[in-house]
Amino acid sequence: MDQASFVQHAVLLSLVLFALGTLGVFLRKNVITVLMSIELMLNGANLAFVAFSRAAGTLDGQVLVFFVMVVAAAEAAVGLAIVIALHRHKDTLDVDAFNVMKG
Amino acid sequence: MDAILFYAAAALAVGSALVVIGQKNPLHSAFALIVTLGSLAVIFGLLGSPFIAALQVIVYAGAIMVLFLFVLMLLNVKREADAPGRGARTLGAVAVVLVALLFAQAGAVLVRAEPGPAPAFDASTRRMAEILFSPQFLYVFEATSILILAALVGAIALAKKEL
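The listed protein sequences correspond, in order, to chains U and E. Mind the numbering: the first sequence is residues 586 to 688 in the numbering used here, read in order. Mind the numbering: the second sequence is residues 75 to 237 in the numbering used here, read in order.
Think of the hints as simulated: they come from the structure by calculation, not from any bench. Possibly wrong hints are sitting among the right ones.
Okay, derived cross-link-like pairs now, SDA-like style, lysine to any residue, Cα gap no bigger than 25 Å in a straight line [claimed, not checked]:
1. U/614 with U/652
2. U/614 with U/682
3. U/614 with E/162
4. E/234 with U/630
Footprint (simulated), chain E over chain U, 3 or more residues, beta carbon under 8 Å [as the list claims (entries may be wrong)]:
5. 590-602
6. 635-643
Only a predicted model underlies this, so the values are computations on that prediction, with no experimental measurement involved. Just so it is clear, CB atoms sit at the ideal spot from N, CA and C, and this is done for glycine as well.
Whole structure, please, built from the sequences with the hints as guidance.
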């Protein structure tokens, strides 16, 4: 088994992970599970970056993965702080309960 | 050997990702997500990226997931209600259409791709550091520290009871 077919199957795996993350964002009702599904999508994108970086033989994709991880960490921290604030106001984590901004 | 490890990790990643989105208890989702992230670290390592694999374990499976578990236990989250919410069917249809579109696009790319032999590749931590601290990325790298500081202040301000 050579590296080239690894790359192709890794891209396929990243596609599956991104799709599962998308389904999670749309189908789950718990805010925290939705955030975890977003992490799943980010990881799918990261895997695609690493696979294509391997295929191209350059390191630009890996640098991008590094920055994606930094932004994901910041996003998780702020997102979970918002979740705590929401829970304090409504005493629930159901996404359907948060519709104050609905026009 | 590498192939067995690769496909075992890939199967584990897909299986645990299904658990993440497939069941109602968010605590179980979080633990399944840790398994997904760990098996992705194995795949990063097999693709010749030891630096990213280590970061995946330390930052993702370590720091970010601890944050998730901390909040889940702090808020004492219970199972989701079983009844589907308003507009759940429309949302499900939108999700399926989006996923089908994604598979069609990626399938078109993958069918046309002709994998050549992978070129020589050195993604050691030393090479990564040389690139990250080169003038090309140095300012971006420094800017991320401001981003993290802003996220830190923002998270504290949001989660505090009153300022």
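Are any of the numbered hints broken by this structure? If so, which, sorted upward?
Violated hints (numbers, rising): 1 and 4; every other hint is consistent with the structure.
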